[in-house]
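Asker: Using the sequences provided together with the hints, build the complete structure.
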Amino acid sequence: MNAAVIENPAQAQTTRPADATALSALIANTLAPLVLDIDTKGTYPEAFMRALGAAGAYRGVVAPRLGGHGGGLRAVVEAMDEVSRTCMATGFMVWCQTAAARYLDQSSNEALKTEVLPRIASGELLAGTGLSNTVKSCDAIEESRLRAVRVDGGYKVTGVLPWVSNLGEGHVFVTGCPVEGEDAAQRVFFLVDCSASDFRMVQCATFVALEGTRTLACQFRDTFIADARVLAHPAESLAYIRRIKPGMVLAQMGMGLGLIDACIRLMREADRTHAHVNQWLDDRADELQPLLDGAREATLKLADTITANPTADVVLDILKLRLAGGELCLRAASSAMLHQGAKGYLLRNAAQRRLREAYFVAIVTPATKHLRKEIARIEAGATACALEM
Amino acid sequence: MDSANTASTTEFRQWICSTCGWVYDEAAGAPDHDLPPGTRLQDIPDDWYCPECGVTKADFTLLDF
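From first to last, the protein sequence lines are chains A and B. If you're matching positions, the first sequence starts at 1 in this note's numbering and goes up one per residue. If you're matching positions, the second sequence starts at 1 in this note's numbering and goes up one per residue.
In short, the hints are calculated from the structure, not lab data. Even for Gly, the Cβ is constructed at its ideal location relative to N, Cα and C. Hints are supplied without guarantee of correctness; some may be wrong.
List of simulated lysine-lysine pairs, DSS-like, C-alpha gap at most 25 Å [to be verified]:
hint, chain 1, residue 1, chain 2, residue 2
1, A, 136, A, 373
2, A, 369, A, 136
3, B, 57, A, 156
4, A, 343, A, 41
5, A, 301, A, 320
6, B, 57, A, 136
Far from chain A by the CB rule (all over 12 Å, computed), these chain B residues [to be verified]:
hint, residue
7, 23
8, 31
9, 39
Answerer: Structure representation (structure tokens):
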């Protein structure tokens, strides 16, 4: 870890948009040397995540009065893109951190926002998002894994979320679940303190490509969630989902854009010595580059739209772009591997890592099959959340 | 193996975690996870969890194909 970067007082409390040159230097100096350990040893790049926050990379989705810099969703997508060019697993954690920040930003719980958001925006408090199951249960893909019961002063939550990322002692994450006796379409959304009583995190699985993301199983056993930690009560939840979901899905493009960019670089690098034979491959760098440029332009344009109006009528556009982004990741990573040839199999060669990372973009919620289902459903005239039908 | 033991062994069943696909074989148990061979799913403590994904035994379904 480059301590000088973290200890730089000029970066410690910046609320300005992350300077592109400083961000590049931070990634080159502190993240790039860690990538192999993140991938093969499951090293969690905690110091980098905090330094990135200190440099202002998470502040785009936070209101300026709470530590944001006004850069909007565009700014966090650009930071995620830049990080993912070096390590998509870390780019995913940038998404986790900024998604959690945005869920808070879109909540009406002003006291909680005031308490927590400036710390998440600065990277002092690291945060995850446990909304995969929540979203999939809303879209009638799977049953909710958590159940809440209303009690005096809050809710009691029981169940298990198998895979929540960017967690650790002292971290927080956001999730949501149905409440007994309430409308089945509604949810309660809340912030979980990882050190809460009657709550346990357990490290179980070993992941491909994502082992460094501190992805843990979260077990709730009648865990008390005080009203003060609630982001949206059931009656508010449908409107809340409409505010958070489009931006949540769109922001994931940052991971894909960075990964595709890195794959194109791998192709160009291989062409320096093997263009005479690589020319026979499909999905060449010059073919993918305009697709990447177009996807980046479309993503940033939609990010500006969502920043201005989180419920703008662009859900279908976002789902189609996100689907195309995942598919392009697979094409780019597969082609990068073929361009690199035998050396692509070396553990130190990024091509094989990119291949494993690419499938994550296509599988993380909303996965390719989920996106196709939702696109088909909405094009058939349904609303954007299955349970609202 | 006598016929009584054979009958007992065939009663053991396999269960699959609906979240991650980890299979629990009652006959083999899961010694690495403190479950001796022959431990029935019903006898596993409620606070036990799947070693692959952390869900409880309530998320296991009978593997019957």
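Asker: With reference to the structure, classify each hint as holding or not holding.
Answerer: Each hint tested on the structure:
no.	hint	verdict
1	136/A / 373/A	holds (11 Å)
2	369/A / 136/A	holds (12 Å)
3	57/B / 156/A	holds (21 Å)
4	343/A / 41/A	holds (21 Å)
5	301/A / 320/A	holds (14 Å)
6	57/B / 136/A	holds (22 Å)
7	23	holds (15 Å)
8	31	holds (17 Å)
9	39	holds (19 Å)
Consistency with the previously given hints is maintained throughout, with no hint failing.
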